[in-house]
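Here are the chains, one letter per residue:
There are 4 protein chains.
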Amino acid sequence: MIITIKKDADEKNLESLIAWIKNQGLEVNISRGEFQTILGLIGDTHQIDVDLINGLNIVDKVTRISEPYKNANRKFHSEDKIVDINGVKIGGGHFQIIAGPCSVESADQICFIAEQVKKSGAKLLRGGAFKPRTSPYAFQGLRGEGLELLTEAKKQTGLPIVTEIMNASHLPLFENVDVIQVGARNMQNFELLKELGSLKKTILIKRGLANTLEELLMSAEYVMASGNEDVILCERGIRTFETATRNTLDISAVPMLKKMTHLPVIIDPSHAAGIASLVHPLSLAAAAAGADGLMIEVHNDPDNALCDGPQSIRPEEFEKVSADVQKILKIVGKHMD
Amino acid sequence: MIITIKKDADEKNLESLIAWIKNQGLEVNISRGEFQTILGLIGDTHQIDVDLINGLNIVDKVTRISEPYKNANRKFHSEDKIVDINGVKIGGGHFQIIAGPCSVESADQICFIAEQVKKSGAKLLRGGAFKPRTSPYAFQGLRGEGLELLTEAKKQTGLPIVTEIMNASHLPLFENVDVIQVGARNMQNFELLKELGSLKKTILIKRGLANTLEELLMSAEYVMASGNEDVILCERGIRTFETATRNTLDISAVPMLKKMTHLPVIIDPSHAAGIASLVHPLSLAAAAAGADGLMIEVHNDPDNALCDGPQSIRPEEFEKVSADVQKILKIVGKHMD
Amino acid sequence: MIITIKKDADEKNLESLIAWIKNQGLEVNISRGEFQTILGLIGDTHQIDVDLINGLNIVDKVTRISEPYKNANRKFHSEDKIVDINGVKIGGGHFQIIAGPCSVESADQICFIAEQVKKSGAKLLRGGAFKPRTSPYAFQGLRGEGLELLTEAKKQTGLPIVTEIMNASHLPLFENVDVIQVGARNMQNFELLKELGSLKKTILIKRGLANTLEELLMSAEYVMASGNEDVILCERGIRTFETATRNTLDISAVPMLKKMTHLPVIIDPSHAAGIASLVHPLSLAAAAAGADGLMIEVHNDPDNALCDGPQSIRPEEFEKVSADVQKILKIVGKHMD
Amino acid sequence: MIITIKKDADEKNLESLIAWIKNQGLEVNISRGEFQTILGLIGDTHQIDVDLINGLNIVDKVTRISEPYKNANRKFHSEDKIVDINGVKIGGGHFQIIAGPCSVESADQICFIAEQVKKSGAKLLRGGAFKPRTSPYAFQGLRGEGLELLTEAKKQTGLPIVTEIMNASHLPLFENVDVIQVGARNMQNFELLKELGSLKKTILIKRGLANTLEELLMSAEYVMASGNEDVILCERGIRTFETATRNTLDISAVPMLKKMTHLPVIIDPSHAAGIASLVHPLSLAAAAAGADGLMIEVHNDPDNALCDGPQSIRPEEFEKVSADVQKILKIVGKHMD
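Chains as they are written, first to last, in my numbering: chain A, 1 to 337; chain B, 1 to 337; chain C, 1 to 337; chain D, 1 to 337.
Pulled out of the complex, with its shape left as it was, chain A reads as follows:
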């Protein structure tokens, strides 16, 4: 961490800042130039509150050199994290597809789709029970009943289930859920993250629409600092000025995150573009870029889906995506198994 001191800083205040820093167990290297004095902090600075220092009158600016996250930092965990969900592994060469409908609608629907995607290679079943919708007038999901239907499908197919939580108070309903998803809009719902950190379940965190990769890792850090290291990161498109696609899939996030962290990184091509015909090319791109998995919306009847219809593909299209992705995986040295 580099602290640039103002030109006319009071010497006494500067000394007390230096003393405070040393008190935190850090060394300080001081460079005095004509226009500015610079303090270089040496040691583990991830718990230093940048805002606190920035607020001091004598400080011009604070520049981080090292990362503010530690549990999620590749530097301290050189080996890929492999998350194990009832025997289904993600990370470290293991690639998985999470597939299922946007919303759970009925026992028949969810079980039918579960069977279909399983046949094509998906090892995890997704389905929305609690649905975050921009409009209060739009369908909000079957909620508790949806979770029961998912559990039913899990029993029938053996696929572990992945579904989104919108509020920590719903946690008792999530007992049978294998992977709890934190949606993009809740990525910085810190109270929720802390509660999920105390669970023994895998947490899948989706990147917020306007959140940096560093912020995504800080949200993972919230869960991990609370004791739960089973975290999967999901890139699902960010908000930019472009309107041709619903969001802009940040494909570079995959190789960048793999440098920054040891956690598994997956891509959700369905939400990223919001267009069903883009799911195939973006899924192949994700696998080629080094992702550890995909999360894909599949619907038996997209024309009548209750929500997010435009971005869902049919089981027969999913079969093609899965087959082509597996061909790509061979080239990049990964496998679905």
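Mixed in with the good hints there might be a few duds.
Just so you know, same-sequence chains aren't split out, so a pair can sit in one copy or run between any two.
[Said to hold, decoys possible] Calculated lysine-lysine pairs in the DSSO-like style (CA-CA distance at most 30 Å, straight line):
(1) K155 with K200
(2) K81 with K6
(3) K259 with K12
(4) K119 with K89
(5) K61 with K330
(6) K6 with K258
(7) K61 with K320
(8) K89 with K118
(9) K155 with K119
(10) K155 with K201
(11) K201 with K89
(12) K6 with K259
(13) K75 with K320
(14) K258 with K7
(15) K61 with K81
(16) K6 with K320
(17) K320 with K330
(18) K118 with K330
(19) K6 with K327
(20) K81 with K7
(21) K330 with K259
(22) K22 with K258
(23) K61 with K259
(24) K119 with K61
(25) K22 with K155
(26) K75 with K7
What the hints contain is simulated information worked out from the structure, not anything from laboratory work.
The structure presented is a predicted model; accordingly, all values stated were derived computationally and were not measured.
Given chain A's structure and the hints, the job is docking chains B, C and D onto it.
Relative to the frame of chain A, chains B, C and D by itself:
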């Protein structure tokens, strides 16, 4: 609402879509062109689920002509909404400054600042008890104890209090709070919005960092559709590519929102820029652009504030801001009273 | 095109607008609703000036349904455009890699790299002679001399050359250049585009950092409307809030552009991320997403490159990229030949 | 400038880097930590090419502490620059409004508007002759003829004229132009900037839609480094995800630029929002935020303007804007004279 039908659409499916639309109580105007057929829906379309129609196989795209919000829509409420908080009015010519520290730290601190800002014209006291922080290692606020200290300051000064809620489960602690703030990161925490809609308290909704004005109004719609019409909107900067300021204050949001909605609109210059020296010019700009109020961080000792120090101003600076803002208000026909 | 008329519009002005539209050879479908009247324009509207209509007092808003570009529109050109550069084909299943150094530095350097990339499969040589640099104090390229060195390398290797133009007045120097590149910062330099439209050379247009796909196609339209249909589009990253990578590669632009236009689409992974280690994964992702080619910076000695060093790869790394891309191409049914 | 060295850097390479830096006339302060070594460069680093250093194999990252611009830097020019255009002063307390039509259409039109805006306090006349238009099918301006009509209006009213240049080859036509405007799309047309730097005319540079304040200052630096110090900066809205307004006016750019540079800063509220009814509130906001001037589109007949109609106001509306702006100026200590 305009529905563009694909060139080669099945005629039967088209007819059943038209029948379904008429069933919703809408009229349909059909234009058949060489390259596409267009359906114009006439009537109240705000409850129509765009995604549902977009998902149909025969549909090329759906274009909204009218707004998806109704309770918050200026078209249906031509007169400015005046929110009354224990006698303090905002909107319809009434301009108010909400001021106070970023975080509540102690009884002395909050009471001292409350007295100071009251003297300079602030009619509402703000102070953070539950603090959303990007890092799990940063100070998270005094929480319940902070709310007690705020209540104490309210008793001493008579100023109604404004503070942020992070989780609906904390609501029992907010009994003495006059205005409940929904932070930018929770703007689309729809479960929370619904719960706040059932209260008889004013709700102040901050715009999310990557949310459009329409989405902000949809969040207001969540609260209003649940029965609570006392909503204040707050622009506090959006996330853009510019890094010189922490966020980019969208000043045009003020006159645009005044066209779109009858609800009061305020500006938070402290968070928008993240730089104390910008609070004065941005406050004046907000008043000049037609805002109904300001939310400003004031600290007796910014050099030692526990968080967000860089953006807080001192009581004596606040006095100058308040005085100059009042001069601007005369020009635009508003008043602090 | 849909024109929404204001509620209280003068009937006479409305009639004269309708007459004017019919004069343009279009049909008008009129829907009169309680809150607004809507005009649906049927026919070829791509030459209608939206701003002109938007400026009328009686008009509330104008919504485009069809695209404002025609020469570049897939709807009117269902078959892929195949651009032929001295026998090297791009588009319609033909995939090509354009490779070479950021800046041309010397005859030895450019000829050495040209031989290296040719050996690994590149069919076109790139090299910067005129360099757009943010700082006036940074190296600005060898300019005219650089073009001569490129011509030298072309003679030695037979590779057609691709290089950027910054000003139409430099055109006489570009006689031996096979593909003229319009840089991202010049994408809307309309005077330049018009001049390039009168040439018989292939024009490679890079997407501007803040330009939409529609605007990119409008710039192609400038060149094509002036008579030159040999246009290649290049996605090279857009500017967003994310700072971990220099720009955000919009991978979805590939399949979206393929739907919108028949022109070839290539990806520049070097500039998109600005990080050499990301060139391999992003190149594979581009090929997997359906791109028609790549533009890659290769340097024999990145540690001493005069500019853009961090994003250049070495010849041996390029060989690996090219080999792996060719494996991906088989899966998506394309070929480098 | 801070250079972070990789953990396992070769000691010999590090030594030669340090020697090279010292050769540039800079001092180096070296901090060796467990995880990284940091070099602090002390002295004038604005001519150091960051990319060059970033490209070195031993370098992890380079962090600028001081600004890469010097001529435009407030640190070296503490007094406000006052630009004098034939006696009309901008900067240092002098506030001016540049007003006129989007496009010059006829002698009658431009002279009529010139008289009107002069009467209301404008001291400079703007008018577009060369028009950058996204579509090749839209009106491109009267070009050379437009410049003649502007000159005519200048003769009649005595108002100095401001108009945009699109290509350096048009310069001979600009002899009678007092202020040459560089449009947003040309802000990084470095060849053009260099040519303008050799003139003895004031240059008004508009910020690009996706350009940072630092990049805007680097473009000013291009002009200034070539010898022309009469530069005015103009904020006209940046491109963000928000679509309610055409662009997002970055009002914080005004006080930020005033800290970063001594050059005058003006606001163009017409292009920023693209909506005529927003010109009044945004003009007041600009004056309140500390701008040195405004650039406003005024049209005698916006309903029939040939371009950009929606954002132009009428002379009677301009009179009101000018009057209210002057009231604001008194509060912030500026004056139009």
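Structure versus earlier hints - violations, ascending order:
Hints 5, 19, 22, 24, 25 not satisfied by this model.
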